[in-house]
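Asks: Using the sequences plus the hints, can you model the full thing?
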Amino acid sequence: MYSQYLSSRHDLCKELVERLSKTYPFVSILGKHVTGKSIQVTTVNTNIGDTMEKQCGFVCKFFNGQTYSEYSFSEITPETIDQIEADIRNKTILPESLLSNHVPLAPMEDEPMKGEFFRPVEGKIFSTAEILEKLTAIKDKIQAFDPRIVQAMASFSLYETSAFFVTKNRDLAQNYTWITVAEMAIARDENGVKRNYDFGASNSYEQSFEEAEALIEKVCQTALDLLHAEMIEPGVYDIITDPSITGLIAHEAFGHGVEMDMFVKNRAKSREYLNKRVASPLVEMHDGAKATFSCASYFFDDDGVLAHDTLIIKDGILQTGISDAVSALQLGTAPTGNGRRESYKRKAYTRMTNTFFSPGSSTKEEMIASVKHGYMLFQTDNGMEDPKNWNIQCVCAYGREIKDGKFTGKIVSPVVMSGYVPDLLESISMVSKDFVIEGSGHCGKGYKEWVTVSDGGPYLKARCKLG
Amino acid sequence: MEQLLNALKKAKNIAAWKVNATKTESCELFYVQKKVETNRATSTVDYSVTIYVDVDGKRGQSSFTVYPYMGEEEIASLIEENVFNAQFTLNAYFDLPHPSDNAVHNVESNLAEAPFNEIIGKIGEAIMKANDVENASLSATEIFLYKDNVRVINSSGVDASSNTYSCKIETIPNYVKGKEEFELYKAISFATFNPAELTEKVAEVISLVRDRANAEQMKPLDSIPVILEDEEAAEFFGAFYYDLDYRAAYMHSNLFSIGDNLQPNREGDALNVKLLPFVRGALASSYVDSDGVSLKEVTLIKDGIVTSRHGSFRFGYYLGEKEPTGMVPILSVAPGKSSFGDFKKGPYLRCVRFSGIQADLYSGFLGGEVRLGYYFDGEKEIPVTGFSIQANFNQARQTFRSSKEEVILDRYSGPKYVYIPGVKVL
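Line by line, the protein sequences give chains A and B.
Counting in my numbering, the first sequence runs from 1 upward without gaps.
Counting in my numbering, the second sequence runs from 1 upward without gaps.
No lab work stands behind these hints: they were computed from the structure.
A few of these clues could be false.
The list that follows gives simulated cross-link-like pairs (lysine to any residue, SDA-like), each with its CA atoms no further than 25 Å apart [said to hold, decoys possible]:
| # | chain 1 | residue 1 | chain 2 | residue 2 |
| --- | --- | --- | --- | --- |
| 1 | B | K186 | A | R271 |
| 2 | B | K12 | A | S127 |
| 3 | B | K424 | A | D423 |
| 4 | B | K35 | A | P25 |
Bear in mind that the values here come from a model prediction, so they are computed numbers and not experimental data.
Replies: And the structure:
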C-alpha cells in the first residue's frame, strides 16, 4: 500500500517546488519511504528486524543557474517548510571560487507528466507466524540433511517502496514490493568449514518460498561438496558459466562500463566502441527496469524518468549506454531511466537495474559435451569493475571440472576469472536457450552507493584465465 | 527523541529496550574533471529501536526504525507490533550492557572550525592543486564532509554519545599515453584537514596512474615474493578478525579457538594482533559500540596463539564471557623488524593496486587481479599490469613478514607492507 506519510507530505513538497521555482529554473523533489522487515531463523537463534533498504525522507534537486544542487532532509511540516526552504537556499551556496569553474549545464526538460504506478504483492500475504513456520521448516530440512551441516539458516526479507517525484509540471507516484527468501548451509569436517547459499525472489510470498524450498538439497549438497574443494590449477580454460556467472560478466565486466556518467567523466573505454564490435556475434545484452521483471523493476527512476528496456549489445555490436538525467543532459542524449540513489540521503548516479545476456540456441548439454578440458563456473561471489581499462575480476564461488565432455566430480573453490573484457566477450562460442535472472543482488558504484540489482541470462561457453 | 523515550517507558510487556540515534549533516561536492557539476547538503536523522521481551527465561527481540514524523501514538503502535513479533524470536537469554562510560565523546577536528561549504572549497582547491601534471588529470572527484552525532541509550542506563567530523574523498586519476588512457581509484579519508598533505596524497596517486600507463604486461611466474601494502595488508590480517568473532564460535562456523596456534610451522614473523577502540587518524575509532559497551583494548593473537575472542555483547554473553568486548573497531597489528628496504633486496613483485584482494581463511585462497605492480627481477624494477596472483593463505600465515613501517587506515593500524614468499603469478 502506498505510504500514507508520503501522501500527507505531497502537497507541502509541491508548495516547496513552487516557492523555489520562483528563483531556480528547474526544481524537483523526490520523496521516498521504504518499509519492510527481515526475519532470520538459524540453528541457534531467530531474529526479526527492519529491512536493509529502509528509509524515509526527501531530496530536493535544483538547477541554480550554474550547477545542480541538492538538499536531503528527513521531514517537512507546515511549521518547518520556511526553514527547509531557507536551508535549501543557504546550505547549498558554494564559494565563488568553485562556481566560477563549473560544468556547462542547463535546466532539465520538464514536460508535463502525471502518473500513478502500483504493483501489489501477488497471491497470499503470510503473517509473521506463517513466515517463521516456513523458515523454520527450511532450516530444519537443511539441518537434517547431513550431520556435517553444523549451521542452517533461512531468512525472509521484504521491502515495499513508495516514492513520489514532483516538479512544476510533473507528478509521479509509485509503489512496489520485493520479497527474498534465502537459505544457507554451513558444513564442517576435518577439512575445514564451507558454506553455500541460494535464494528465491519475486513479488509473491508463495513463489519466493517455493523457489527457495526447491533449492534446499542443492544448497546442502554443494556445501558438503565444497569440503573437498581444491584450489584450481591456474591457467586458461574453456568455461561454461551458469546464469549467475553470466550475470556477473554482464554486470561487472561490461555493464559498469556503459554507465554514461562514466562517459561524462571520460572514464569509460566503451565510449570509443559505440557502433563497433565488442563481443562475439552471438551476444545480445540488455539493461532496464522494464527489460525484465526482477528486483530492480520500477516504474520511474529517482530522476523521475520512466523505466526503459535498453538494448546495449546486439549481434556483438555496442548500441548504446544507460544514463541518469544529469549525465544525459551533458551528453545531449535522452536519459534511460537509470538514475538511482542508495537512498534519499545520497546523490543519483547512472546505475544498472536488471542486466542480462539474451538466450541463444544451444542446450546446456551440448555445451558441456563440447568441452575437452575446462570448468563450469557457479554462483557469484563478488566482482569489481574497471570501465576504463576493461580488466576483469569476477570471483565465482566454485567450479566443477569437465573433461572430454563430462563432469569429473572434481570441485574447485573459489575461482577468480581475470583477463581483458573484449577477449572474454569475443570468446563466447555458445549461448544456451535457458534464461534465469538472479533477483537479489546489491551493487556498489566503486566501493559505495549500494542499490538492488539483478542480473543473469543463459549459460555461456567462453574461454578465460582462471586462478 | 523525547516522544520515543516516553513511549518506550510507558510500553507494557517489554523487558528492555535500546535506541541508536544518528544525526548527520553533510556537505558534498562532485567534480567532473576540474569542474564542479553538483553540490549537495544533507540534514537527516534516524532512530533505530530494539525492544526485548522475556518469556520463560528466554529473550526475544525485534528492531524497527522511528522517523521524525512519527508521534507518540504511532510509536506506541509500532512498539506493540514489535512486542508481538519479538515473542516469536525467543532465544537464549542475554543481558544488555550496563553503563560504564556515559560520557559525550567529542573528537577534535579542524573541520569544525568553519562552515562546511567554506571548508569544502578549500579541500577542493587542495585536490585540484595536484591536478597539474602533463598528460594526467583527475577524471572525477567526490568530496563528502560529515558531522555525525551518534547516541546509544538503553533501559539499563546506558546513555553515551559521540560527535565526530570526517572527510571522505574519492578521486580517479587518469593518464593519457598516445591513444590509450589509464586510470586508478583512490579513496582518502581524514578528520584533520592538512591542505599540503592532501595535495601530496593526490599527487602520489597521479604518479601511480602514470606508472600504470607505462606498465608492461607481467609474465607468469611459478613463485615470487609478493609485497602487499596499505588496504591489502589490512585485508591480509583482517581475515583473522572475522573468525575470532564470538558470533562465528556461537554459530560453529569458526576455524580457530582460544589457545590454537595459528602458526605451528612459522618461518616468518609472529602474528600479534590487538583490537583498539581509538587510534588517532583511524576514522572508525569509537569509545562505545552500538550496544553501549564501553570499549577497551583486546589482545586477540599473541605470538601466533589465539588469546581471546571478541564481538557483540549478546554473543559474548551466550558464550559465557564475563566481560564481552563489544565491537572494538580498530585492528592493530604489531609491526615487524624488517624494513621495506629489506623486502626489496632480492626479486619481488610489489602489488600496489588490486581490483579487490581475496584473503579467505576458509578456502585458503589469497589473491586477486592486480591493476598495478612493480616487478624487480634482481636487476631493475619495472611497473607491471594485467596479471593475477594466487597463494595459499594457510601457508602464507606461516611465512609472511611484516614491515616496521606502519600505516593508519580507517579500521587498521599496523605494518604498511607485508612480504609473502612463494606466490604464483598468472
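Asks: Indicate, hint by hint, whether the structure satisfies it.
Replies: Going through the hints against the structure:
1. B/K186 x A/R271: holds (23 Å)
2. B/K12 x A/S127: OK: B/K12 and A/S127 at ~23 Å, within 25 Å.
3. B/K424 x A/D423: Roughly 23 Å between the alpha carbons, so the hint for B/K424 and A/D423 holds.
4. B/K35 x A/P25: holds (21 Å)
Consistency with the previously given hints is maintained throughout, with no hint failing.
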